[in-house]
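Protein sequence lines, in the order shown, are assigned to chains A and B. Okay, so the first sequence: first residue is 1 according to this note's numbering, each after it adds one. Okay, so the second sequence: first residue is 340 according to this note's numbering, each after it adds one.
Everything labelled a hint here was simulated from the structure, so no lab data went into it. All of these numbers come straight from a predicted model, not from anything done at the bench. Hints should not be assumed to be uniformly reliable.
Claimed, not checked - Examples of chain A residues lying across from chain B (beta carbon under 8 Å, computed): (1) Phe-61; (2) Met-62; (3) Val-317.
Said to hold, decoys possible - Covered, in the sense of this in silico footprint (three residues per stretch, anywhere, with C-beta under 8 Å from a C-beta of chain B), are these stretches of chain A: (4) 30-40; (5) 174-183; (6) 196-208; (7) 271-278; (8) 302-313.
For glycine and all other residues, C-beta sits at the position ideal for the given N, C-alpha and C.
Residue strings, one per chain:
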Amino acid sequence: MRFLPIFWFHRCWTGSACAPNVASMLRYALKRLISLVISLAVASVVIFAVIEVAPGDPASFMLGVNAQEDTLAALRAELGLDVSKLQRYFNWVGGMMVGDFGTSYTYRTPVSQMIADRLWVSLPLALYALTLSTAIAFPVGIYAAARRGKPGDLTVMGATQLGIAVPNFWFAMMLVLVFAINLRWFNAGGFVGWDKGLWAGLHSLTLPAIALALPQAAILARVMRSSLLDILGEDFMRTARAKGLSRRQALWRHGVRNALIPVLTIIGLQFSFLLAGSIIIEQVFYLPGLGRLVFQAISARDLIVVESVVMLLVFAVITVNFLVDLAYAAVDPRLRSRT
Amino acid sequence: MSRSLILGACLSSLVLLAAAVSFVWTPYDYTALNIPDKLQPPNAQHWFGTDHFGRDMFSMIMVGARTSIAVALVAVGIGMALGVPLGLTAAARKGSALDELIMRGNDLVFAFPSLVIAILITAVFGAGAINAIIAIGIFNIPVFARITRGAALSLWEREFILAARVSGKGAARISAEHILPNVANLLIVQGTIQFSLGILAEAGLSYVGLGAQPPTPSWGRMLADAQTMVSFAPHLALIPGLAIIVTVLGLNLLGDGLRDWLDPRIRVART
Chain A
1 MRFLPIFWFH
11 RCWTGSACAP
21 NVASMLRYAL
31 KRLISLVISL
41 AVASVVIFAV
51 IEVAPGDPAS
61 FMLGVNAQED
71 TLAALRAELG
81 LDVSKLQRYF
91 NWVGGMMVGD
101 FGTSYTYRTP
111 VSQMIADRLW
121 VSLPLALYAL
131 TLSTAIAFPV
141 GIYAAARRGK
151 PGDLTVMGAT
161 QLGIAVPNFW
171 FAMMLVLVFA
181 INLRWFNAGG
191 FVGWDKGLWA
201 GLHSLTLPAI
211 ALALPQAAIL
221 ARVMRSSLLD
231 ILGEDFMRTA
241 RAKGLSRRQA
251 LWRHGVRNAL
261 IPVLTIIGLQ
271 FSFLLAGSII
281 IEQVFYLPGL
291 GRLVFQAISA
301 RDLIVVESVV
311 MLLVFAVITV
321 NFLVDLAYAA
331 VDPRLRSRT
Chain B
340 MSRSLILGAC
350 LSSLVLLAAA
360 VSFVWTPYDY
370 TALNIPDKLQ
380 PPNAQHWFGT
390 DHFGRDMFSM
400 IMVGARTSIA
410 VALVAVGIGM
420 ALGVPLGLTA
430 AARKGSALDE
440 LIMRGNDLVF
450 AFPSLVIAIL
460 ITAVFGAGAI
470 NAIIAIGIFN
480 IPVFARITRG
490 AALSLWEREF
500 ILAARVSGKG
510 AARISAEHIL
520 PNVANLLIVQ
530 GTIQFSLGIL
540 AEAGLSYVGL
550 GAQPPTPSWG
560 RMLADAQTMV
570 SFAPHLALIP
580 GLAIIVTVLG
590 LNLLGDGLRD
600 WLDPRIRVAR
610 T
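Bound-form chain B, shown alone (with noise of 0.2 Å):
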């Protein structure tokens, strides 16, 4: 195993051991204004401060590792349940319309970027983190398409493909038995990967307005909310930011440590 893993793994348990924490306990009720107490700097009551309506931040940290975990893994739960099959497909009937079909379909979801999409979706349906789900979520299914194609692609050349055809199985019942597991390393790496650009998408659009709306906490919108007040409190910016960071840093290292892990020798696109 290893040092990136070691340290991937642990950064990520740090971060869903904290927004599985504060379903049952945080540190005080992060929606419980306390005017008083407004702006302070991290201090022994207040970990990482409080930011204008005197709000726990560390609370609002511990809450809103939440909003983000749940937006991301959603949106990459969407991108593998679509994108998968998808590709499989597509490996099956290598050079057909369909395959065609599939693969441009793919290159036109592309040109979309995720923000791009969202804007689309807000701009009729309004912002919300469903809506921010199913931008991200859409962005990533050409993502998992891509990745299994190519990887059943050299799978269905090899020769227990072909024995599993003479034995009478028919392209979806090899796809589900004998591709799919031999492709699930793969996918898991890259979901790991498609996971950490969910959680920066997911602050981006909640910057910007069009994530999760008040009062769910999301560290986009701490951020945006921040902005007028980083010069007399920077706490209030560099903690969301830290936050983000802690978390992508940490699926990052996890999923180069898994792909290293699991197989040495597969190598996984990533732009």
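For reference, chain A alone in the conformation it holds in the complex (with noise of 0.2 Å):
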């Protein structure tokens, strides 16, 4: 009976099963799921009704003009559209938890499908440049930071400065001028498909995912740079270098370790804008991912697909962002107690 988890819970709840550390770190975890799956029902609540406003029947729309009335309340029915508004939300958020996003209202397919197929672009790209834009800025930022004010720091804050002037979807116009016109390196648009092979797939994502990169590697740069000096002025490092570490051995061992901590936590809120980007990033390669599909659904008036799509994607960031909380209260303590 004692081990049965929900006792232990309760147990550790209350402080007498478990160390105080887990049972501070339990509670605030349940805290943050309870405002997670707020955020989320409001969230859903928020996307149904914009769309609900939008005008026109998806059945007359699908028809057109000249449809009979008995066939449009056949086609109503088919797509669910004859219940009431409430009954119609319950549905889509229910059908939502199991995986059923409903079916396509242009092209008659379950939009899981369609979302399923586009995810296995628009993932591994932000993946792809997530990894990209984290590999450029962590030596980036800590050779800004062990060279600061001088010459080499200079450079880095000044190009840094000029990458998020830049707008990715320029730089992405840019880099197929270069690489793919000029160069012929790569394609200047499109999408091989996994199955040519994992190369020839990456090889296809590869000026996306730098267009994509490289804005968030120069704030990820500044923040790397910023952490690491606020972490080179503690006591400890002091105490590091009086130890005898050499200026190197102490910025690996004890500064860039101390220094990761709040770089992660903006690589985690960048998420969102990363998905944002990649919608536009889509739509300047062909790529065939989540955006291009939203656009198409928008301009098809297939509001089920834009509906789930968007809601997806905020499902994805408040998730992320949950994730990153816990991370950080999981390292932080103290951040245990604000709410």
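Hints in hand, dock the two standalone chains.
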């Protein structure tokens, strides 16, 4: 009996079964989980309500102006549009929980299938870009912090200032101009598909990933630099030097590791900008990802697709931020008491 | 005054000047088609060249500055007009249900990237400059609410606020008379940063066709039009892009410079 998780959870909650550290973390996690669920619920209501305001009846849009009334009614029943708004909302949310996103008005295929196909482009692209931006930002930020105020630092700061100001879709066009049109190293657009092999797939995502990663890397490098500079002023860094570590050893063993915490938070928060950015970058490179799916759905007035993709994006952002909060609280107990 | 403040102020004024002058003068009519002179590279007659309809790029860039500035400025205005009172209220009622409601609402809006808001609005109401303004403006509200609340909370602990309370002023009056003037510097700096983010967002939205509609010139749409011609007329893509970079860089430098100039101690959250 006492080994049942719920029982353990209760004992831990009241502080008798486990360390206070674990108890406070559990309490914090539960509080954040509740607010996560509320956020998702409110977001779904907002998205549903906004789409409901849209003028026009999907059934008559699909069948044209000359459609018979009984055909329209039959189609509405097939699409699940013949029930009350409240019922429709719960059907939509309930369906999403079990992976059923409804049926596309224009393609008559399950929306979940369409999203799954597109995710195979959008998700690898976002992860590829995140990897690139981290790989660029870390060494650059550390280099600049280690040479604070010297020409190397000033050059890096100037370059990152420029990197932040460059719109990523314009940068993408310049990459196409140089590396696809002039040098012919890459294709100017399109996606070959993962069935051609991992290498071919990554190759066709490389230019989009670079375009997406650069402005993010510029921001991240600045965060890395300032976070590291904060740490370098700490007493324990002086202690590390005093006990005989060289500048370089102190920087790597004690500085970088401690500076990473705020940097990781920023990476999590940037996820939403990365998602939004990839929607535009997919347009530049004609990639068959979620972004193109949304724009095609908007022009075809396929609102069920728009509704579900937007909900999915918001779900991803809220969940990632939730996980970042948890990770941060796990590392820094002081944050748990704050609401 | 720092170098970044001066450089930022110069670049920003250059763009503002171009937008202002475009109301009374442009080298050519920005809507005038001139097919025989199409796709000219930059030259003495057309400083920035001509586009695929033979329109003068320099004139289009000038008028496009107007669009970008108008959209971003109104969006910042919306963000401030709604966000600042929300932040002041939340700080004055710290820990109350109202505070909690405002801050959780902020988090929720934050979870919708501005592009996603724009997509939702466009899906329902159609594309246009007004909808772009609303999309960017909504996204600005939580930014200003959060920064106002954060700064106001520490002010509420100060003695001059206590003195004001003792003299019988209510929370609303203290917020307006004592808190607001003291967070104004912070808001100006953040406003500059949001302005530059707004310019970028407007460019992105009009690039994907969700912003200002033709014939209103906008830098983002000029880039979208240039995309298929970039191989034989690279200036079509290069020039609007440089215009965006100059504007955003100028505003960012101005924001950084203002921050250091107004108060060396304050630090503005920017992501």
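Right, here's what the structure says about each hint:
1. Phe-61: Where the cut-off is 8 Å and the nearest Cβ of chain B is about 13 Å from Phe-61/A, the hint is violated.
2. Met-62: Cβ of Met-62/A sits 16 Å from chain B, so the hint is violated.
3. Val-317: Holds: closest Cβ of chain B sits about 5 Å from Val-317/A, inside 8 Å.
4. 30-40: holds (count 3)
5. 174-183: Held - the segment 174-183 of chain A has 4 residues with a Cβ nearer than 8 Å to chain B, which meets the minimum of three.
6. 196-208: violated (count 0)
7. 271-278: Coverage by chain B holds for the segment 271-278 of chain A (4 residues, Cβ < 8 Å).
8. 302-313: holds (count 4)
In this structure, the hints that do not hold are numbers 1, 2 and 6, in rising order.
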